[in-house]
Every structure is written in C-alpha cells, then in structure tokens.
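Top line first, the protein sequences correspond to chains A and B. Going by the working numbering, the first residue of the first sequence is number 1, and it counts up by one from there. Going by the working numbering, the first residue of the second sequence is number 1, and it counts up by one from there.
Just so you know, these hints were derived from the structure itself, not from any lab. There may be inaccurate statements among the hints.
With a Cα cut of at most 27 Å, we get these calculated DSSO-like pairs of lysine-lysine [as the list claims (entries may be wrong)]: (1) B:LYS155 / A:LYS200; (2) B:LYS36 / A:LYS76; (3) A:LYS271 / A:LYS76; (4) A:LYS246 / A:LYS313; (5) A:LYS168 / B:LYS155.
Please read these numbers as outputs of a predicted model, since none were measured by experiment.
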Amino acid sequence: MNSAKILSIAGCISALLAGWSVQAVQARDLTVVSWGGNYQDAQRKIYFEPFSQKTGKPVLEESWDGGIGVIAAKVKAGTPNWDVVQVEAEELALGCADGFYEKIDWSKLGGKDQFLPAAVDDCGAGAIVWSTALSYDANRLKEAPTSWADFWDVNKFPGKRGLRRGPKYALEFALMADGVAPSEVYKELATPEGIDRAFKKLDQLKPHIVWWESGAQPLQLLASGEVVMTSAYNGRISGINKSEGKNFKVVWPGSVYAIDSWVILKDSPNKDQAMEFIAFASQPDNQVKLPDYIAYGLPNKEAAAKVPAEIQKDLPTAPENLAHSVALDADFWIDNIEELNKRFNAWLAQ
Amino acid sequence: MRTTAVRERVGALLLIVPLLAFLAVFFLWPLWTMVKASVVDDTVSRVLPRTSVAIVSWDGQGSPPVQVQQALVEDLRQADDQQALGETVRRLNSAVSGFRTLLTRTANAVRDGKDASVDLASLDRRWNEPRFWLAIRDAVPPYTDRNLLAAVDLKRDANGTIVSEEPGASANRLIMFRTFLVAAIVTFACAAIGLPYAMLAAAMTGWKRNVLLLAVLVPLWTSLLVRTTAWFVLLQNEGLINGALQAVGLIESPLPLIFNRVGVVIAMTHVLLPFMVLPIYSILLSVPRNLMQAAASMGAGPLRAFWRVLLPLSLPGLLSGSLLVFMVAIGYYITPALVGGANDQMISSVIAFYATGTANWGLAGALGLILLLVTMILYFIYGRLSKSPQLVGA
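Could you build the full structure based on these sequences and the hints that come with them?
So, in structure tokens, the structure goes:
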C-alpha cells in the first residue's frame, strides 16, 4: 500500500511538472494543516473559523501525522498545496535547515520577546507546549503509579502497558525507569553505553508492552482496559476526561515535553495570508482560549499568564509540572532517529 | 491495400495512445524515479565539488590533509542552494549519525565567519574523527549500491567487501520474510474459506445467492479502517468474542486474540476474502450445472466428483484469487499496525518510515525495488503453475 503511496507522490509531482494544476493551485484558499482529533476541533473553533470570518475568505484545513518526508515531497513539487502546517520540533529543525519553510516575520507577531525563548525560531512560531506522560485510569487502578519505575514494575501493577512504537520516548522512559535523573537522560543517551542500557531496560518490559502509533490509540487502550497504564499525549487525556467523563490521570514527573510550531511552506502561494493567520493564532486573546478545550501550554507569555489557575495546573507549563520533566532534545533525535529506528525494529523482531 | 493496412494500424495505435501515456506517466515514470533514487548518489559530488576532488587522494588514515578541510569550508561557503545542501546532509547523516548537527553547525559558522580560514576541529571536535570524513569519501561516487545492500541488511566494510550488518542493527530481511509469511498464511486462510463459500454461492439460486454475495460485497464497499477497527472491538480482551466465550464458560481468562499474529491473520483474511470469493464464483458460474450430475450418473461419489470435476474446473479462479490476495496482502500496513503486535509489522511500515519519516527516498526506493523483484519472481512462478492444469485438462 505504501509503495503505492510513494508512487502516487511521484505521480503528483509529475502532474505538477506537467503544469496541469498550476492554475488550480493559484486559485486555492489558505490551507492550514494540523494534527486532527479533538485538538484540531478546538483549533477550528478558536482559530480557523474566527480567522475566516475576519478576512471573509474560507480557510481550508487538513490533518497529518508528521514526517519530514511529507513536507519534502510537498515543497519539492514546486508549489505546495499546503500553506500553514503545525510541525513538531524535529520537523522544524530539519525543514528549516533544508530550506523547506518561509522565514517568520516576528514583527507581525508582536516581537520575539512576547514568547517563550524555546518557541522562537527563524522558521517557526511556537503554537503549543505539549507533553508525553505516563497515564492511567484512576477508576481501575487503586494504587496510583508515580514514576517510570512503577511503569516497569509488573509485580506491583500486573497487566499490559502501552508505549508509542519507535525509539523516541521509549528510550528516554526506559532510562528514567532505570534510575537516570530526568536532567541526565540525554547525556546518558549520547553514549553508546547509555543506548545499550536503555534497550536492556526495555528488554525487561518487552513481553508486557502493547505498541501504539497514533495519539488516539492509547486512550482507547486505557478505556477498554487492554492496558493498565500507557504513555499518552497530555492534552488528549484531559480532552477525553472532559468529553467522555473518564477519570484518566497524568503522572507529570518524568514526562517529556516539546513545542509544536506553525510554519509556512516555501513558495506557498498564500504566503502573506499564512503569515496573518499565524499572527492571529499567536495573539494572546485568541491563544488563551485553547486550554479551555485541551490542556496544552501556551508559548505566548501574556496568554499563558491569563490562563485561570484551575486550568493552569493541568498544563505542561505549570511550574510544578515542569519541575521534574524533560525537554525533548530535538537535536539528538534528528541526528540519531534513522540509526536508532533501525536498531529498534531489529530489537522488536528478536 | 498496403496503405490501408498501415492506416488501420496507425489508427489503432492512436486509440491506445491515452492508455500508453497514462501508463508512462503514472506507472513507468514513478517506478523509474524510485529505481533511480535508490542507486544514484550524486548529491555530495554536486554540492561539495571541491571536497569531492580533494578527498579522493586521502588514504583514510587519521585526519585528512589541510587542503581537504579548506575545500570543505569553501564548498560550504559557496553552497547557496539550501535544499540541495539539505539533501547532502540527509545522505551523510544516514551513513553516520550525527552529521546532521555537525554539518549544519559548521555551515552556519562558515557563513557567519568572514575570514577564509576556519579551523574545523576547533569548531566541532567531531571533525577529528575519521569516520565522518570517510563517510564523505564514500559518498563521492555518483552511483551506489548501499541502499540496495542496506535493504537486505548488507553493507560494505572498509575494504569494500560486502558483509552482513551486525546482528541487532537491522532486521529488514526478517521483516521482509515475515511479510511474505503473513501474506501466505492469509492467502491460504482465504482459499480455505473462500472456495467452499464461492461453491455454496454458485450452487444457490434466487435471494439466497443474493444474500451470500451481498455478505461478501458489503464489506468490500466498507472502508478498510472501519473493518479493522471493528475487529479491534471484537477481538480485544474485554471484547465481544472473549466476553461471549467467558459468559458461556468455555474459557476462564481471555484468549490473546489481538496484538499478535492471530489477530492480524483474522482481520486480514476478512478484509481480503472478497478478492478470493469473487474470482472463484465467476469461474464457477460458467461451469455447466449438469456436470456434477453427469459425474454421479457415471458412478462417482460426491467427494470423487468434487475432486475430479469441480475442483479442477474452479482451479483457475482459485489461482487468480490467490494471486490477488497475496499481492494485496504483501503491501498491508494499517491492519498489522492496529491489531498486530511488535512482531507483526510488515515491510511497508519500514518503507513508510523512510519515505515520510526521514525523507530517505533512496532506501525507501531500494526496499520497494526488492519487494517488487521478489513479487515478480513469484508472479513468474504463478504463471508457470497456472498453465499446467490446463495442459493436464487438455
């Protein structure tokens, strides 16, 4: 199916080269791409629809699952059919180095000093601070797990565990379960011994792990009781608690947080409008509405300060939640993802 | 006479021009692009021309001479096509992890620094390690077999001889084998269920036949994702099947039906069953009904009549159904990802990782090419096999 996908990508490129769709592309409305699910539902209400009303032009939206290859295929086609995309930290770094994005005009966003330093980049403006954390169903587990060591303890907490398939996050969590302090995780991973140590720790839990791939899966695994705990994206947990009355809990110590950013694809035909959209989505008054729907932290400092305290405590940016968590090291992963993914697949197959 | 024949031929050719153009643009050209991507390796020699010339004379021992280092600095300063540079970085990082940050940092420093001489080793001490320089030297030749070798877990060592990857470093061969194994099991399961089903459907008349056919066709019109998710609901530990079995008292603890090979085979068999039933059914429709009666009148029991008459006649349908199911099954991706366990991921998920995850189209193309080759060999064998029963029948 996926070789067919590759072929179809190449087919799209060929169609563009042939010059068929150039006119269609020019007439296209602003297209914004985000991560789907209840997160994009929230974005639609507070960003897409109000922006469309303000400008009087429709905003088209799509969702995607990430991957720099997708961006590369779009940009290399000449005129991309996406304009604004929300990307993860690695895609931001990779795409910026490879010239896949337009530069951000920070003066339109009110200046760089209005934002968390980590959310400011030449190519991207931070959209959210989000976390991958240990989660469990408090209605099923009588005793609450408090750390990744508990996650690994199958005697104390019998049952299966969910982890995202792939080395990213799994290696970090394994090291913390093995006693590495959150602040030392990437120092340890930078050495071959550290990587061996992480894989060895994963060995212990291997028979008990259910691997998931998309962000909605861990919620389903928890809800059906298929796993007793799982790694999950914190916003989705608060989202399902609100929408379906679940009692899922997030364990903040040992969570890994990262920043997602808005970027504009190179040579986008709606470049100016795209910049306006990012500015709109970065205004404090608009951004502050987001945590009502989904518990992600806000990169605009003024917006972050306006969030009510009872919502604040569920955000990755709350000081007590930040205290024992790890900032995702995008540089480590853009250097090592290919080699470690290969090794991870080999390890899974053993 | 002659001119009319030529004219007719040209006319016929013109009629199929759209078809040929379609095949060329949407089939041959992309295929050729991917094959080319897997063996052409000219990004380093294009973006770093001076380094490529200078580094060839280096013997690979210790650090390369100063001229090479200066050539690299000059190349990075002159590199104005950022996307081409990005491709080079991606190529080199795929050979040695760490090149990504190393080269990006170096390129930025070189562009910021005004003076001509930049000491690379003091900029980043990784430049002292020969393996980074060796990776550049290895990437100079414009054609490479590294992607094709990597697709089957092989690589070239320092002397250029082909060796296996260290155990535990890569599992493409195993995953490829697993893909064909799962596809074979699913094909067999589809044949075991589909053949009797198609015979039953062909033997029925009126509304009964319609109901049986609808039972096959409706799933075919339903989205693949919906069907897979439905199996997720049925198979999980607290799902319908385990719930029912436990309620009846047949089992005490839930059977492991999901996140393992059993789940993958069940779900894929269901999804692919129509591709088996329909070809067999259409073949059986053309079998005269009185053949079985004729066999009976000549003294053959029902089993013998089936074995000697009906089965050989339905064999072409069975073979083309098996081929269809097998071909579709080896490309499966969503179903193993959703209901399979760690050891059920198929090769297309690896291809997807390289194509969309890291934009390493060379390796993605090489994996696809290997898959295509193996499939073509199997198709060739099928071609041979599918001819023989007709010969016997004749």
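- Query: If you draw a straight line from the CA of A:LYS271 to the CA of A:LYS76, is it 27 Å or shorter?
  - Reply: holds (17 Å)
- Does the structure keep A:LYS168 and B:LYS155 at a Cα separation of 27 Å or less? holds (25 Å)
- Message: For B:LYS36 and A:LYS76, compute the direct alpha-carbon distance and say whether it is at most 27 Å.
- Response: Holds, at about 17 Å.
- Hinted pair A:LYS246 and A:LYS313, Cα distance within 27 Å: holds (18 Å)
- Item | Pair hint B:LYS155 and A:LYS200, alpha-carbon separation not exceeding 27 Å | holds (26 Å)
Of the numbered hints listed earlier, not one is contradicted by the structure.
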